[in-house]
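The listed protein sequences derive, respectively, from chains A, B and C.
Counted from 1, the first sequence has number 140 at position 141 by numbering that gives the first Met the number 0; the numbering is strictly sequential.
Counted from 1, the second sequence has number 291 at position 292 by numbering that gives the first Met the number 0; the numbering is strictly sequential.
Counted from 1, the third sequence has number 117 at position 118 by numbering that gives the first Met the number 0; the numbering is strictly sequential.
Careful, some of the hints might be misleading.
[Stated by the list, open to error] Here are the simulated lysine to aspartate or glutamate pairs, EDC-like style, with alpha carbons at most 20 Å apart:
no., chain 1, residue 1, chain 2, residue 2
1, A, K40, A, D260
2, A, K256, C, E252
3, A, K256, A, E45
4, C, K129, A, E1
5, A, K257, C, E252
6, B, K295, B, D213
The set of hints was computed from the structure by calculation and includes no laboratory data.
Now for the letters of each chain:
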Amino acid sequence: MESWRRHPWLFAGLLLPGLGWLVAFFLAPLFLVWLMSFGEKRGIVEIEITWTLANYARAFAPVYLEILGKTVWIAVLVTVITIVVAYPVAFASAFSSPRVRPWLLLAVILPFWINMLIRTYALIAVFRTRGYVNFTLEWIWNALGLDVLFGPYAPLQLLYNDFAVIFGIVYVFLPFAVLPLYAAIERLDRSLIEASLDLGASQVRTFLSVILPLTTPGIVSAVILVFIPALGSFLIPELLGGPNAYMIGNVIAAQFKKANDWPFGAALSFLLMYATFGILALRTLLAGRRTGGGHATGKEEAGTWA
Amino acid sequence: MTTMPVQGQNGPPTVVRVERLRKVFPGVVAVDDVDLDIREGEFFALLGPSGCGKTTLLRMIAGLEIPDGGRILIDGADMTFVPPNRRPVNMVFQSYALFPHMTVAENVAYGLKVEGLPREEIARRVDEVLRLVRLEGLAARRPEALSGGQRQRVALARALVKRPRVLLLDEPLSALDAKLREEMQLELSALQARLKITFVIVTHDQDEALSMADRIAVMRAGCIEQVDEPEGLYERPVNRFVASFIGRINMLEGAVRDTTGDRIVVDVAGMGRLPLAADMPLTRGQAVTLAIRPEKIAMRRLADLGAPAANGLRQRAQVDADRVVVAARVSEWAYYGDISYMVTHTLAAGLRLAVVFANATRETVEAFDIGDEVVLSWRLADMLLLTS
Amino acid sequence: MGMTGGMTKDMAGAKRTGGGRLRFRRWRWRRPVAPLDYGRRLWLRLWVGTVLVVLHAPIVVLMVFSFNNSKRNVVWRGFTTKYYVKAWHNESLFEAFTNSLVIAAVSTVLSVIIGALVAIALWRFRFPGKAALDGAMALPLVIPEICMGVAMMVFFARIGWPVGLPWPLSLGSIIIAHVAFSFPFVAVVVRGRLAGFHREMEEAARDLGASEWRILVDILLPWLRPALVAGALLAFTLSLDDFVVTFFTAGPETVTLPVKIYSMVRFSVTPEVNAASTVLVLITVLVTALALWMQRPERLAGKAAGTVADEGGRA
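All chains should be built: construct the whole structure from the sequences, respecting the hints.
Below, the structure is given as structure tokens:
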């Protein structure tokens with residue numbers, strides 16, 4: 000690696016387009032939003048930056064706090080469910096025969112390539128009152144003769160509630176979680192598992208005492224990859240949750256599209272970003288305490304995979 | 000393929016019996032219908048070149064591989080398909096397999112915690128075994144902070160603390176340097192003799208096996224060629240493979256000439272007819288190999304014999320009732336400090352004969368030089384007759 | 000877990016034939032599973048199977064029902080391709096499709112160029128503020144999409160980005176936004192490839208008298224080709240599939256395919272929506288499959304997973 004001064008013109012040519020784009024079309028917009036979060040509305044489109052903290056204060060009003068709390072709660076639940084579901088899948092993949100493995104991984108990753116909107120939309124057809132799940136249950140109901148005993152099948156309300164949102168987010172982000180888990184499990188020294196068994200531990204004990212602790216960094220990666228996007232989810236709650244399952248992403252979107260309260264939306268948006276950075280900082284801290292932790296971030300990992 | 004005769008009632012009891020054990024991987028038969036008996040309290044070695052199946056056999060005894068045929072009995076109970084955590088057998092892995100997220104003490108205690116023993120007893124036994132392997136001060140260290148030799152001892156301690164019926168060791172010394180290896184060889188032998196636990200070690204290093212083991216099974220391509228004490232393998236190998244695998248040896252090809260009489264006469268090309276005692280049935284014309292170990296050959300300067308005898312020997316070898324004498328020329332010489340290793344070729348037929356002798360005096364080293372004419376002699380009784 | 004109890008039957012099945020050789024009847028359905036052979040354990044297989052079915056079924060059904068001859072698309076009423084025809088002739092849908100392709104194409108070209116240049120700069124040079132730039136480049140990868148979408152919306156509004164421009168230029172704001180979040184991904188891919196570059200090649204060329212520019216074009220670029228292609232395909236799919244950022248950045252008159260599908264979904268669930276979705280799915284899958292296929296001889300999965308593994312594997 001050489002100093003930029005050796006070839007200043009080459010260096011400028013290489014760096015400036017990217018740097019310029021980043022500053023002008025990414026950092027500047029974020030900065031504007033940050034500024035705006037301290038602003039006040041003065042008419043339909045006029046906004047004055049008065050450095051007020053009113054927007055942030057409003058974010059902590061009970062009604063919004065409740066939504067914030069609910070968002071965190073859903074994100075946590077989703078993360079837990081996703082990790083629990085993804086771990087065995089990653090485990091089976093890591094221990095599958097080399098012939099089967101690429102196909103298995105492909106089968107898991109494939110949905111991840113497909114547009115999130117379309118995947119969410121597909122779930123609507125599955126969960127709605129006249130959707131496939133209800134049809135199947137109705138068929139089973141009738142086939143078992145329960146309609147004679149208890150009357151006609153009453154379709155389950157699987158859409159436009161928390162259940163649908165949680166299922167939808169898990170559904171969409173599951174492949175995201177499998178990859179870092181797979182990488183961590185695959186790297187595990189098999190002889191450690193053999194040693195544990197040889198010393199008398201059962202498979203369950205081996206899993207809890209050896210496999211799980213040693214794959215923790217992978218779990219942490221997976222948690223970050225799921226929790227942060229879940230926190231900022233907007234599309235899935237909108238399509239699958241309706242007004243009953245409002246998350247902070249919906250509130251932010253509403254400020255900019257419907258309610259036209261940009262300063263407030265800006266404040267909420269930045270609160271979300273601070274939360275994101277906080278979690279990443281936490282993870283770097285934990286990784287640093289463990290060994291000499293790394294800095295690769297969530298989507299970057301996903302990016303190298305896609 | 001060779002069946003090991005079952006030890007009679009007067010020997011120590013068999014602790015591990017392997018019957019017709021078979022393991023097949025795609026494209027290769029790793030273990031080919033092997034029979035083996037391992038006796039209680041002995042230090043047993045599985046010796047062979049890489050790929051001979053010794054590690055696979057060991058892992059099947061440990062329960063880490065499932066056999067494709069045959070069975071394994073431990074203390075008389077069929078444990079062929081019993082999972083490894085339910086066998087009274089523990090293994091020291093080649094890579095040591097120490098848990099990186101636990102301290103030395105936690106590693107060693109792991110097997111005991113699994114048994115559900117009370118905390119005080121675990122602590123006591125961990126202390127005891129750490130003292131046994133001379134690692135007392137290191138209980139709180141992590142594996143990454145230990146040297147190779149120390150890690151090996153932790154692996155040993157971790158297995159020993161469980162007081163297994165059999166301790167399996169997979170190439171335990173392969174990762175150590177020469178000096179440490181020698182040290183550990185002695186330590187392991189002493190440990191085994193003291194604890195009286197049955198040790199089964201897998202190694203490709205014959206010096207290791209010969210020096211540490213009570214009995215050795217020599218394996219090749221999934222089969223056991225010979226099971227015997229070290230001396231038996233060295234002095235009475237059953238076939239060419241074992242003869243050449245253990246130690247150095249000179250091989251001379253010949254054909255059986257005469258089977259009548261109390262001795263067999265073998266015609267060795269370039270040397271003449273050698274009469275030998277044979278304990279197996281042979282047919283006339285059968286191709287056999289005669290072998291003689293280098294250290295069994297005595298060497299002197301040809302000139303010392305005087306001109307007439309020397310001239311006679313230059314033409315042909317001299318074979319009498321119990322010795323062979325032949326003239327040769329030194330072609331290579333390797334100096335090992337305590338011994339000299341010389342390669343000679345016979346003057347009459349150019350047969351290659353290697354000789355080893357101790358450098359008993361300072362002058363011995365200078366006695367012979369490349370190109371010198373020498374006379375080699377050895378006893379017929381020291382020769383081995385190999386038919387396979 | 001991991002029980003092999005069924006196999007004791009094997010012992011009972013042993014027969015002694017002539018010559019003292021034991022033969023075993025193979026019990027086909029319960030061949031014992033080795034302790035570490037987790038891939039063959041039934042419960043894991045069931046779990047993975049269920050997950051895969053649940054993951055794929057809704058999409059497969061969606062694609063199948065795009066051929067459904069029923070407007071309300073609830074039950075299957077026969078096979079037809081008329082909704083594809085309908086979608087093809089749906090002017091606004093077609094326009095959205097075209098917009099998506101154009102945006103994706105342009106933003107891919109820009110992202111690859113900018114991303115590759117930055118990657119080379121970061122790989123080759125030391126400069127003050129490098130760590131800060133590294134961190135800043137990671138931001139678009141990490142930031143919640145809605146925050147970025149909102150930021151773009153605010154930005155274009157505040158700087159008075161002209162509204163109502165003629166056609167290709169009207170896509171400008173979307174293209175800018177797409178490039179902004181795509182080029183860091185391209186940079187990551189290119190940097191991965193750069194890590195494997197042998198500097199001796201570069202030094203040999205310099206020794207032979209080549210100028211810096213020549214070196215870049217003749218030596219570095221060919222080496223980077225697989226990463227550039229992979230990065231391009233990545234940027235293409237990111238742009239084509241993007242919804243959230245586009246939703247906030249686009250003006251009322253410019254619509255991309257995902258945004259159009261979104262509005263159609265809110266209206267009603269007809270096979271036409273399925274048809275449009277299926278087309279988008281097929282394009283994405285084909286493009287990504289192409290990316291993978293082109294990467295395979297150059298970079299085995301292990302290299303690409305290196306970054307992921309580095310994170311996941313630290314123990």
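Okay, the hints, checked on the actual structure:
1. A:K40 with A:D260: holds (7 Å)
2. A:K256 with C:E252: holds (15 Å)
3. A:K256 with A:E45: This hinted pair holds, its Cα atoms lying about 16 Å apart.
4. C:K129 with A:E1: holds (13 Å)
5. A:K257 with C:E252: holds (17 Å)
6. B:K295 with B:D213: violated (24 Å)
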